[in-house]
Amino acid sequence: MTDLPMPQNPAAAQPAQKSSLLSQDDRTRRRNAAEKRFRSYGAAAIGLALAALVVLMITIISAGSGAFRQTYLSIPVALNAEQLDPEGNRDPAEMSKVLTLRYGSVLDSALAAAVENTGIQIEGLSDREIKGLISREAAAQVRNRVLADPELVGQTIELDVLVNGRVDGYFKGRVTMASAARDANTSPEQLMLADALAERGMLVTRFNWNFVTNPDASDQRPEAAGVGVAILGSLYMMLVVLFLAVPIGVAASIYLEEFAPKNRWTDIIEVNISNLAAVPSIVFGILGLAAFINFAGLPQSAPIVGGLVLTLMTLPTIIISTRAALKAVPPSIRDAALGVGASRMQSVFHHVLPLAMPGILTGTIIGLAQALGETAPLLLIGMVAFVREFPGAPPEGLFDPASALPVQVYNWTQRADPAFIERASGAIIVLLVFLLCMNLLAIWLRRRFERRW
Amino acid sequence: MKTAKFTVSALAIVAASAVAAQAREQIQISGSSTVLPYATIVAEAFGENTDYRTPVIESGGTGAGLQKFCEGVGTNTIDIANASRQIREGELAACQGNGVTEIMEVRIGYDGIVFASSANGPDFAFTPADWFNALSAKVVVDGAVADNSATNWSQVNPDLPDQEILAFVPGTKHGTREVFEEKVILAGCEESGALEVFTAELGEDAAHEACMTLRTDGRAVDIDGDYTETLARIDSSPNGIGVFGLAFYENNTDKLSVGTISGVTPSTETIASGEYPVSRPLFIYVKKAHFEQVDGLKEFVEFFVSDDLAGPDGPLAEYGLVSDPELADIQAAVADETVMQ
Chain A
1 MTDLPMPQNP AAAQPAQKSS LLSQDDRTRR RNAAEKRFRS YGAAAIGLAL AALVVLMITI
61 ISAGSGAFRQ TYLSIPVALN AEQLDPEGNR DPAEMSKVLT LRYGSVLDSA LAAAVENTGI
121 QIEGLSDREI KGLISREAAA QVRNRVLADP ELVGQTIELD VLVNGRVDGY FKGRVTMASA
181 ARDANTSPEQ LMLADALAER GMLVTRFNWN FVTNPDASDQ RPEAAGVGVA ILGSLYMMLV
241 VLFLAVPIGV AASIYLEEFA PKNRWTDIIE VNISNLAAVP SIVFGILGLA AFINFAGLPQ
301 SAPIVGGLVL TLMTLPTIII STRAALKAVP PSIRDAALGV GASRMQSVFH HVLPLAMPGI
361 LTGTIIGLAQ ALGETAPLLL IGMVAFVREF PGAPPEGLFD PASALPVQVY NWTQRADPAF
421 IERASGAIIV LLVFLLCMNL LAIWLRRRFE RRW
Chain B
1 MKTAKFTVSA LAIVAASAVA AQAREQIQIS GSSTVLPYAT IVAEAFGENT DYRTPVIESG
61 GTGAGLQKFC EGVGTNTIDI ANASRQIREG ELAACQGNGV TEIMEVRIGY DGIVFASSAN
121 GPDFAFTPAD WFNALSAKVV VDGAVADNSA TNWSQVNPDL PDQEILAFVP GTKHGTREVF
181 EEKVILAGCE ESGALEVFTA ELGEDAAHEA CMTLRTDGRA VDIDGDYTET LARIDSSPNG
241 IGVFGLAFYE NNTDKLSVGT ISGVTPSTET IASGEYPVSR PLFIYVKKAH FEQVDGLKEF
301 VEFFVSDDLA GPDGPLAEYG LVSDPELADI QAAVADETVM Q
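Heads up: the protein sequence lines correspond to chains A and B, in order.
Counting in UniProt numbering, the first sequence runs from 1 upward without gaps.
Counting in UniProt numbering, the second sequence runs from 1 upward without gaps.
For the record, the hints were derived by calculation from the structure and aren't laboratory data.
Please note that the accuracy of each hint is not assured.
[Claimed, not checked] Distance condition first, Cα-Cα at most 30 Å in a straight line; then the derived BS3-like pairs of lysine-lysine:
| id | chain 1 | residue 1 | chain 2 | residue 2 |
| --- | --- | --- | --- | --- |
| 1 | B | K173 | B | K288 |
| 2 | B | K255 | A | K172 |
| 3 | B | K138 | B | K183 |
| 4 | A | K97 | B | K288 |
| 5 | B | K255 | A | K131 |
| 6 | B | K298 | A | K97 |
[Stated by the list, open to error] Beta-carbon label-pair distances, calculated as ranges:
| id | chain 1 | residue 1 | chain 2 | residue 2 | range |
| --- | --- | --- | --- | --- | --- |
| 7 | B | S262 | A | A290 | 44 to 54 Å |
| 8 | B | E229 | A | G119 | 40 to 50 Å |
| 9 | B | E229 | A | I60 | 11 to 21 Å |
| 10 | A | P150 | B | S257 | 43 to 53 Å |
| 11 | B | D295 | A | E151 | 27 to 37 Å |
| 12 | B | E229 | A | S332 | 52 to 62 Å |
| 13 | B | A125 | A | T176 | 23 to 33 Å |
| 14 | A | G119 | B | Q86 | 49 to 59 Å |
| 15 | A | P86 | B | E299 | 16 to 26 Å |
| 16 | B | P238 | A | I60 | 18 to 28 Å |
| 17 | B | E191 | A | R206 | 51 to 61 Å |
| 18 | A | L436 | B | T338 | 50 to 60 Å |
| 19 | A | I443 | B | Q86 | 51 to 61 Å |
[Claimed, not checked] Residues of chain A placed beyond 10 Å of chain B at every Cβ, according to the derived structure:
| id | residue |
| --- | --- |
| 20 | R27 |
| 21 | R29 |
| 22 | I46 |
| 23 | A49 |
| 24 | M57 |
| 25 | S62 |
| 26 | G119 |
| 27 | L152 |
| 28 | L235 |
| 29 | A328 |
| 30 | A337 |
| 31 | T375 |
| 32 | A442 |
| 33 | R447 |
| 34 | R448 |
Just so you know, even glycine gets a beta-carbon here, dropped at the ideal spot from N, CA and C.
Chain A extracted, bound-state conformation (with noise of 0.2 Å):
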């Protein structure tokens, strides 16, 4: 079919020599301008996504990385058997009605005779300065030992104790001279002699496992604060949400995506579970209190009641996701299974959903992260609390009050004591560890079941 008509004109044959290889017409330099101009936004996009997240970790290093090391006195103690056994019969059950106030003591005056053994002079120091220089811990520290070994009773004992939270932050450079000279809870004087006991080696800043170990602490103690509780807390509720939803989000979209009919029902079902998908958490928080708290008599602070409210949250991504991976798998595969005889449910179990396991491990572990940083839901069971006592062994130990990561967060942002901000940050820290862990156990399950047809 070759009868267009030969353009005879040479003059109107030269707007097609124009668009040649070698010269761009001005559409064609539009379009390419055009490309050019939406490339370097989409890499403007990422490059700010990215300082964004470099400023962010920044910022949470820098403050947080303080959490992991902590100040340490090492004094000789000598344990007064008059004021710590009155009776002088060694009685564990006598002692510990000796409360950790007169342990305290017991440290102070420990504390002054190191100091003066060391032969230390500072202008101005008190009393009341010197005692201030350990954490109120410490005498917990020394109280449990004691009643451990009532024996220790009349000896002099050598101990690692924390320093207090101001005197640790100046080694961490949180508090400086100039701001001790206006803060009411410490004092140059102390600070100085705290640099003189770092010289001679009794105060030593090193790394601390306590903070991942240790629970919560109050107020007047932010040295000895730590996040195990909160850890424990999380885990029970991401192993109580990884029991239920993945069980029963897996076998919900099995049934939608193989055997249900397709009709005005599962219509319905279906756009309900995507609503709920994009619920606030804050609801399934208030469902929680109703339904597990009030009404089933569930305790109040208890993972298993967080972890059901959880799973409530993360259920429409786990069959949302899930449903999506059972798509994924080839129509030829179950034809091919009903070919040589298998029934349905064969079908499904032996081939479709081995193939698409994958997709429902990276939905669900992706569920699980996001169950793992909520905080709103947990607001209204009583979670959000200040729990010291770890939860007992699963399963009795879901039912034991216990606090959560994100949770720990949110409280110690909100203490007096600054000490407390580092803390936190520590403790974004480990949740982010965390979610990092998740995320590549997800990358790697994906990479290690993936088939390719």
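For this one, chain A is given, so just place chain B on it according to the hints.
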């Protein structure tokens, strides 16, 4: 079949929950964020020094705490409500309606409310009348009620520094707000003579109301969060003056400088002697009905008000609580399990 196993174990967990609703080993406390630090100090010492478990303490404000407290009696309700003000008639009625009848009111001490500005700014010497004239919606100008148009502290009182008026006051859900309104704004209203003018124009009830209504043009900012939020606001706008609890201020003396009221500097001593006017009692409300059901509840309350903790040399006083001069009476009332009438 794995799915079936999972489902069975999941059901087992749910079924196990039915067992958990009897006696409780751990005390549960909720309420005022002002009382929270004191409660955590006592709880920590209680857990350390006794064989009982450390109580669990939530914060969230006096009103929210008392609401939870009044939900009913039983181990899935809280045992103690922390309060930075006395329980109201309506709350008491709600309690009684839900069967919470035997309530013990325990005063744990006094707390001062202080006015602090950025440590880098000028010092302030306030009177309650200054606060009223600076923050109330209606003031008296030349003997007549007028809208408050003051923009600068020096317009309110020539002795105050020439600084823009910007105050961060606790939001209405805090018990501190009520004390601020009554002991500062209302007192200032009376002191400045504005109350008489208001009463003449509006009648007695409306006059009190008019005194305590704060201006809404952005000079008085309600802070619904905690004192840490107020502190952060002062960091970002150094002209602001914040309302804090004494204990919070004492923990942050390096960042804040405190204003005097009628020439008195707030401290535990001036509050205990009654010289510093803006203080209020702090309470814990205890359900007597839970003494049987919750391990160590009575021991905890006794421990809270013991001389070792709540006394003038105890850790609570060290943190900023003003010890109650009538502590011995309160200890006796707790020992006798005296309930509110």
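Cross-check of the supplied hints:
Note on B:K173 and B:K288: the hinted pairing holds, with a Cα-Cα distance of about 26 Å set against a maximum of 30 Å. At most 30 Å may separate the alpha-carbon atoms for a hinted pair to count; B:K255 and A:K172 meet this at roughly 18 Å. Between B:K138 and B:K183 the alpha-carbon distance is near 18 Å, which keeps this suggested pair within the 30 Å criterion. At most 30 Å may separate the alpha-carbon atoms for a hinted pair to count; A:K97 and B:K288 meet this at roughly 26 Å.
A threshold of 30 Å between alpha carbons decides the hint, and for B:K255 with A:K131 the separation of about 24 Å falls inside it, so the pair holds. Restraint check for B:K298 and A:K97: satisfied, since their Cα atoms lie roughly 17 Å apart, inside the 30 Å limit. Checked against the given bound of 44 to 54 Å, the beta carbons of B:S262 and A:A290, roughly 50 Å apart, stay inside it. Separated by about 47 Å at the C-beta atoms, B:E229 and A:G119 satisfy the suggested range of 40 to 50 Å.
Range check, B:E229 to A:I60: about 19 Å between beta-carbon atoms, so the 11 to 21 Å window is met. Between A:P150 and B:S257, the C-beta spacing of about 50 Å keeps the proposed range 43 to 53 Å intact. Distance hint check: the CB atoms of B:D295 and A:E151 are about 31 Å apart, consistent with the given range 27 to 37 Å. Taken as a hint, the range 52 to 62 Å holds for the pair B:E229 and A:S332, whose Cβ atoms sit roughly 60 Å apart.
For the pair B:A125 and A:T176, the supplied restraint of 23 to 33 Å holds, since their beta-carbon distance comes to about 29 Å. Between A:G119 and B:Q86, the C-beta spacing of about 56 Å keeps the proposed range 49 to 59 Å intact. Against the hinted window of 16 to 26 Å, the Cβ-Cβ separation of A:P86 and B:E299 comes to about 21 Å, which satisfies the hint. The hinted window of 18 to 28 Å between B:P238 and A:I60 holds, with their beta carbons roughly 26 Å apart.
The given range of 51 to 61 Å is respected by B:E191 and A:R206, whose C-beta atoms sit roughly 57 Å from each other. Roughly 55 Å separates the CB atoms of A:L436 and B:T338, a value that falls within the hinted 50 to 60 Å. Between A:I443 and B:Q86 the beta carbon distance is about 57 Å. The supplied range of 51 to 61 Å therefore holds. For A:R27, the shortest C-beta to C-beta distance to chain B comes to about 52 Å, beyond the 10 Å cut-off, and the non-interface label holds.
Non-interface status of A:R29 relative to chain B is upheld: no Cβ of that chain comes within 10 Å, the nearest being about 49 Å off. Every CB of chain B is more than 10 Å from the CB of A:I46 (nearest about 30 Å), matching its label as outside the interface. At the 10 Å boundary, the C-beta of A:A49 stays outside the reach of chain B, the nearest C-beta of that chain being 25 Å off. No beta-carbon of chain B is positioned within 10 Å of the beta-carbon of A:M57; the least distance is around 21 Å.
At roughly 17 Å, the least C-beta separation between A:S62 and chain B is larger than 10 Å, which holds for a residue marked as non-interface. Look at A:G119: its CB is around 30 Å from the nearest CB on chain B, clear of 10 Å, so calling it non-interface holds up. With a minimum CB-CB distance of about 18 Å to chain B, A:L152 clears the 10 Å threshold, and the non-interface call stands. Residue-level check passed: A:L235 sits 15 Å from the nearest beta carbon of chain B, beyond 10 Å.
For A:A328, the requirement that its beta carbon stay farther than 10 Å from each beta carbon of chain B is met, with the minimum near 20 Å. Remark: the non-interface label on A:A337 is consistent with the geometry, its nearest Cβ contact in chain B lying 18 Å away (cut-off 10 Å). With 10 Å as the threshold on Cβ separation, the claim that A:T375 sits away from chain B holds: the shortest Cβ distance comes to roughly 13 Å. Every CB of chain B lies more than 10 Å from the CB of A:A442, the least distance being 20 Å, so the non-interface label holds.
No beta-carbon of chain B comes within 10 Å of the beta-carbon of A:R447; the shortest separation is about 23 Å. Consistency note on A:R448: stated as away from chain B, and its beta-carbon is indeed over 10 Å from all of that chain's, at 18 Å minimum.
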